[in-house]
Amino acid sequence: MDNKVKILLIIIFVFVAVIGLVGGFILEGYLQDNDKNTSVLDNNSSIDVTTNISTDNNETQQKSSDSGFISPQEAIKVAKETAGPSSNVRYEAKLIQNGQNPYYLITVYDTKINSTTYGVAIGGAKVDAKTGQFLEGMG
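For the sequence shown, the positions run 1 to 139 when this note's numbering is used.
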């Protein structure tokens, strides 16, 4: 390499370093004041210990110590009714307690043996654990 190439590489390196330092100082604390940026510790709440039990009819039962919630089977039924008829799938329900708005997270798994997504979660839904209202569909 001749001297011109070496000098050019050094100038580029210094330029990139200066841009990085200036950008770091300008953006310091930028995300700390953002109310949409919450950490896991800020959003952490106690989660009830549950046990998943698979049944023959491709639904998951849960034993929960909380009362006042619909059952996992009812949550799965709401998700099935909203999504419409489907075959070769298995449903699981998990109670998510996030403070004021607990919900069931319904996960749908492919059970068709020859499928490329066999055994993989192919969709899901959120169902309000108190009211049984369908909240959101995924997949």
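The hints are simulated quantities; they were obtained by calculation from the structure and are not laboratory data. Ideal Cβ positions, reconstructed from N, Cα and C, are used throughout, including at glycine. The reader is advised that the hints may include incorrect statements.
The calculated lysine to aspartate or glutamate pairs, modelled on EDC-like cross-linking and capped at a C-alpha distance of 20 Å, are [said to hold, decoys possible]: (1) Lys77 x Glu28; (2) Lys80 x Glu28; (3) Lys126 x Glu136; (4) Lys130 x Asp110; (5) Lys6 x Glu81; (6) Lys4 x Glu28; (7) Lys94 x Asp2; (8) Lys94 x Asp110; (9) Lys80 x Asp128; (10) Lys77 x Asp2.
What follows is a list of derived Cβ distance ranges for each label pair [to be verified]: (11) Gly84 x Leu21: 30 to 38 Å; (12) Gly139 x Glu28: 18 to 26 Å; (13) Gly68 x Met138: 40 to 48 Å; (14) Lys6 x Gly137: 43 to 51 Å.
Right, here's what the structure says about each hint:
1. Under the criterion of a C-alpha separation no larger than 20 Å, the hint pairing Lys77 with Glu28 is inconsistent with the structure, at around 49 Å.
2. At most 20 Å may separate the alpha-carbon atoms for a hinted pair to count; Lys80 and Glu28 exceed this at roughly 47 Å.
3. Distance hint between Lys126 and Glu136 is fulfilled; the C-alpha atoms sit about 5 Å from each other, no more than 20 Å.
4. A distance of roughly 28 Å separates the Cα atoms of Lys130 and Asp110; the hinted pair therefore is violated under the 20 Å criterion.
5. As the CA atoms of Lys6 and Glu81 are separated by approximately 68 Å, the hinted pair breaks the 20 Å bound.
6. At most 20 Å may separate the alpha-carbon atoms for a hinted pair to count; Lys4 and Glu28 exceed this at roughly 36 Å.
7. Under the criterion of a C-alpha separation no larger than 20 Å, the hint pairing Lys94 with Asp2 is inconsistent with the structure, at around 65 Å.
8. Distance hint between Lys94 and Asp110 is fulfilled; the C-alpha atoms sit about 18 Å from each other, no more than 20 Å.
9. As the CA atoms of Lys80 and Asp128 are separated by approximately 14 Å, the hinted pair is consistent with the 20 Å bound.
10. With a CA separation close to 74 Å, the supplied pair Lys77 and Asp2 exceeds the 20 Å bound.
11. A hinted range of 30 to 38 Å is violated for the C-beta pair Gly84 and Leu21, which are about 56 Å apart.
12. Between Gly139 and Glu28, the C-beta spacing of about 39 Å breaks the proposed range 18 to 26 Å.
13. At about 25 Å, the beta-carbon gap between Gly68 and Met138 misses the expected band of 40 to 48 Å.
14. A C-beta distance of roughly 59 Å is found between Lys6 and Gly137, which places it outside the suggested range of 43 to 51 Å.
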